[in-house]
Amino acid sequence: MTKKMYRNITIISFVIGFMLAVQYNTVQDPAERTTVDIWEIRQQLFAEQEQHSELLTAISELTETVNKYEDAEFDNPEVLLQQTVDQLKERAGMLPVEGPGLTLTVGSSPELIGLGYEIKPVSPELLIRLINDLNRYNARAIEVDDKRLSYNSAIRDINGKTTINSEAIQNTDIEINIITFTYEQAEKMKNHLLASTFQDEFYIDNLVLTIHEAEQNILIDSVVPVQKSKYLSEK
Amino acid sequence: MWLPLLGLILGVVLGVLTDIQIPSVYENYLSIAVLAALDTMVGGIRALLQQVYDDKVFISGFFFNIILAAGLAFLGVHIGVDLYLAAIFAFGVRLFQNIAVIRRLLLTKYENRRLKKEENS
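Just so you know, the protein sequences line up as chains A and B, in that order.
In this text, residue positions in the first sequence follow my numbering: the first is 1, and each later residue adds one.
In this text, residue positions in the second sequence follow my numbering: the first is 1, and each later residue adds one.
Just so you know, the hints here were simulated from the structure itself, not pulled from any lab data.
Here the structure is a predicted model, which is why all the values come from computation and not from measurement.
Where hints are given, some of them may not hold.
[As the list claims (entries may be wrong)] No farther apart than 20 Å at their CA atoms in a straight line, the calculated lysine to any residue pairs in the SDA-like style are these:
1. B:Lys56 / A:Arg7
2. A:Lys4 / B:Gln51
3. A:Lys147 / A:Met94
4. A:Lys3 / B:Gln51
5. A:Lys4 / B:Val42
6. A:Lys3 / B:Asp54
7. A:Lys3 / B:Gln50
8. A:Lys147 / A:Ser222
9. A:Lys68 / A:Val79
10. A:Lys3 / B:Trp2
11. A:Lys4 / B:Val52
12. A:Lys3 / B:Leu5
Chain A with its partners taken away, still in its complex shape (with noise of 0.2 Å):
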């Protein structure tokens, strides 16, 4: 009788331990199901690659700019030296640049004109949008109403004027230039901002966005920033 009893308990308490693992298992490690269909994998694959490419471009580069130094390291290294320099100040803006690009006008909507409305320059908001997607799109240079863009510009509301670098735009018709590194960038680029919203987002602001043709030579000016520097000082 006892036997068969502790047996009972026995038999009992194993299918207890095991349902209480089975629900541990359960509750730690819930299993996922996969939904991704292979059309996102693609396109993750996809996006990786892209940035894959742009790495080994990037490396490929670099590479150069070290050979070149290797073999110029005894003949003459100023030319190199002032090379380097060169592309920073292009970057920084401190140079004019020329190149294939792209024009943008921002014009006053004229129905709402003959309407009376009063209109007024671009926001800061929307202008920083188009910016942001424009060097996703490989923007070299940009320049907005004369004023060029470097890495630490600053766009901004001030007293209710859209300003870039403290400087405001006075006007609602605007020219933006744009210059990218390859006629098909700027082709790439038209595109893109054609299938955007930019242009339905200028008209909610009672503007019109015109996107013209690419060119192959835009000329942007240089502008000298104040650039604000702590630690470096000029002898």
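With chain A fixed as given, assemble chain B onto it according to the hints.
Below, chain B alone, put in the same frame as chain A:
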């Protein structure tokens, strides 16, 4: 008393090692079944200590409680009332009561043994 403990440990080890998982929809049912099983187990141990243990009652209680609890939870889901709470409450209260009875019984046993020892010496 070590055999049931061994069974419990064996069950846990086997369950963890096999890495069986149930769909999360049925998680509630399993948790309530575990509770019902624990309740039956503790009830069985109490009956054992009170010397009123019956095999039939124990085995039938185990399965019947599990099925009833899971059925109640199932019904609750379908009529939109959290009936599984009733099962959790009932089993929880009974679990505590049974454990209290077991504790008292063991304490009495221990006291008796000590008294006996003192009388002998």
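Inset, instruction - May I ask which of the numbered hints given earlier this structure violates, with the numbers listed in increasing order? - result: none
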